[in-house]
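A.B. asks: The listed protein sequences derive, respectively, from chains H and R. First residue of the first sequence? That's 1 in full-length UniProt numbering, and the numbers climb one at a time after it. First residue of the second sequence? That's 1 in full-length UniProt numbering, and the numbers climb one at a time after it.
Straight-line distance between alpha carbons at most 20 angstroms, and here's what the computed EDC-like set of lysine to aspartate or glutamate pairs gives:
| hint | chain 1 | residue 1 | chain 2 | residue 2 |
| --- | --- | --- | --- | --- |
| 1 | R | K149 | H | E112 |
| 2 | H | K149 | H | E112 |
| 3 | R | K149 | R | E112 |
| 4 | R | K149 | H | D146 |
| 5 | R | K149 | H | E111 |
| 6 | H | K149 | R | E198 |
| 7 | R | K149 | R | E111 |
| 8 | R | K149 | H | E198 |
| 9 | H | K149 | R | D146 |
| 10 | H | K149 | R | D151 |
| 11 | H | K149 | R | E111 |
| 12 | H | K149 | H | E111 |
| 13 | H | K149 | R | E112 |
| 14 | R | K149 | H | D151 |
Simulated restraints on C-beta separations:
| hint | chain 1 | residue 1 | chain 2 | residue 2 | range |
| --- | --- | --- | --- | --- | --- |
| 15 | R | A46 | H | E222 | 24 to 30 angstroms |
| 16 | H | R131 | R | E58 | 27 to 33 angstroms |
| 17 | H | G134 | R | G323 | 31 to 37 angstroms |
| 18 | R | T219 | H | D296 | 55 to 61 angstroms |
| 19 | R | P168 | H | G134 | 22 to 28 angstroms |
| 20 | H | A267 | R | A46 | 36 to 42 angstroms |
| 21 | R | D264 | H | G148 | 35 to 41 angstroms |
| 22 | H | T219 | R | E18 | 44 to 50 angstroms |
| 23 | R | A300 | H | E18 | 47 to 53 angstroms |
| 24 | R | A167 | H | G177 | 51 to 57 angstroms |
Some chain R residues near chain H, calculated using beta-carbon distances under 10 angstroms:
| hint | residue |
| --- | --- |
| 25 | E47 |
| 26 | D53 |
| 27 | V57 |
| 28 | T67 |
| 29 | Y70 |
| 30 | N92 |
| 31 | S105 |
| 32 | V144 |
| 33 | V169 |
| 34 | R235 |
| 35 | A239 |
| 36 | V243 |
| 37 | I245 |
| 38 | Q344 |
The hints are simulated quantities; they were obtained by calculation from the structure and are not laboratory data. Even for Gly, the Cβ is constructed at its ideal location relative to N, Cα and C.
Now for the letters of each chain:
Protein chains: 2
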Amino acid sequence: MSGPEFPMSCPLPTGDGETVQMAHGGGGRAMARLLDTVIRPAFDDAELDRRHDGAVVEVGGPAAFTTDSYVVRPLFFPGGDIGTLAVYGTVNDLAMCGARPLYLSVGLILEEGLPLDTLRRAVASMRDAARAAGVRLVTGDTKVVDRGKADGLFVNTAGIGRVVAPAPVGPAAVRSGDAVILSGDIGRHGMAVMAARENLGFETVIESDCAPVAAPVLTLLEAGVAVHCLRDLTRGGLASAAVEIAETAGLALAFDEAAVPVRDDVAAACELLGLDPLHVANEGRFLAIVDPADVDRAVAILRDHPVSAGAVAIGEVRDGPAGRVTCRGPLGVDRVVDMLSGEQLPRIC
Amino acid sequence: MSGPEFPMSCPLPTGDGETVQMAHGGGGRAMARLLDTVIRPAFDDAELDRRHDGAVVEVGGPAAFTTDSYVVRPLFFPGGDIGTLAVYGTVNDLAMCGARPLYLSVGLILEEGLPLDTLRRAVASMRDAARAAGVRLVTGDTKVVDRGKADGLFVNTAGIGRVVAPAPVGPAAVRSGDAVILSGDIGRHGMAVMAARENLGFETVIESDCAPVAAPVLTLLEAGVAVHCLRDLTRGGLASAAVEIAETAGLALAFDEAAVPVRDDVAAACELLGLDPLHVANEGRFLAIVDPADVDRAVAILRDHPVSAGAVAIGEVRDGPAGRVTCRGPLGVDRVVDMLSGEQLPRIC
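Whole structure, please, built from the sequences with the hints as guidance.
C.D. replies: Okay, here's the thing in structure tokens:
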């Protein structure tokens, strides 16, 4: 295994024993104190310090706009936590729109009794993640609900980016014959969270792949690669993303299972839990669907970035049947791949 | 009382008995069906129908950006519900930035077991409110948490608007001598929610003032009124807003209690519950702090709009002491007004 040591449990032992109270959400003095002592100093942005109802920002062109709420359990897990997820998840959605991520909003829903140290740790993670991703946390909101009416901490982020793709990026732009590139190995985020939640004692600690992916995407676009669609492989995994693209585009998508990288420890954990790695969530992996003429160049560009060093072409887009995704197995037999059904991996992000 | 009849209770009786399941948040087939049958048809926006990770929008100038989460209990109350709140609350925050509201994102956190009819009703409210406010719901996210880990439904909205104010609007622009205008009577939203939550049998039904206020704000700006600061009077009420402005501006603010409109039924309900109307939340009221030369014109403009027909000048900004807000009572005695302390009115929005 690699990476630093990290604490596994949540809630954390608190330094001062202070916890979130209902008054912290009341819009009065206690809330002002929480914002002044915990939130604004952590995020440290001039727009937040204006203490106004919103931020004023410059986009300078067409804007990408996206949002996600984060309800992951546990709040902290190997390779990340709810704070890193909340920043990278939304930043990555902006990148998937062919945009350079610029600004984030943060909405916190706190459960009464949450240790303030847990909150401090989560907002510190958000700040660090925002710096790593080159975005500013410019506006926010904090609500408190009574004990038993939330699960410690829920986070919503919304994001704005500047669209840099010269043509629309999305399922509607996908063409038959396009090449399908996967940015790296799959399944780590889902397995890291499951292992932490269920206290599964795998031999190695699987760390989430949680990471910002805008840098390689922007390099693809700057290099003039004809990027038709981008999709990060979060809830529902590679399979659900591929099916949704195929259904929306009205085309078929075929890929080679042997070409999809899955680490041995992830594959073993999936087998143990009866999960298909194609359905397991990732937080730093994406599909890039590009013009076939650009595939080698695109893979080479992605491999130049650490976050997508494992990029590989895995398949192609075909005329039809519309919405069908197939995967060629090791014996050369095609199987139909569908979206995740049921609830194998709840609250994974 | 005025206004239509409305059901008071929540959760609602369901038509088909269907409820939210964990799989509705799993990123797979069940979630796709929920989005395709409940969410996208209700919001009916071309950007949502692209089924991509975000929306691409045009702002065409400096952008205002804001967010709020909504955890109001009960979900439905006289004069509004969590859906109307989630749209108007964020639209109003954009207006308070001197901006024309344009686009909203919606993040839903659903509790397992929530009747789908409750969700349908909330999203229908959001759609209607968005139409009334002239904004588009262009991107969203849905998460599900297990039974007992949320309280039915939490909603986050973030919003983008185009800044139309010619100069920065906010506490930093407030000057000594500025006039303080209140847009109408206060206390209705907080009392409406409290009455619905506690089943208080007041003689009249108090309806929330929940409404979009961008129209009068934009008219002020278009008319060239020197608007220095705008602030909607949500959590913490008029008192907390005034104190926060005074503290941030480093100035004092003085107003006349007799000039502040409070309906008789609201005043009676506040007295019964031991609440000061100055601390009670509103969802369609704001302060406009303007150059004193413009006060009469500003009040006249506001009165031309139904949502601010009760606008009145209530006081002025003074040199100091910094952060002090005072209120002159009926006997001519000034009292110091502070932010709400404690937790008188939890989960009011």
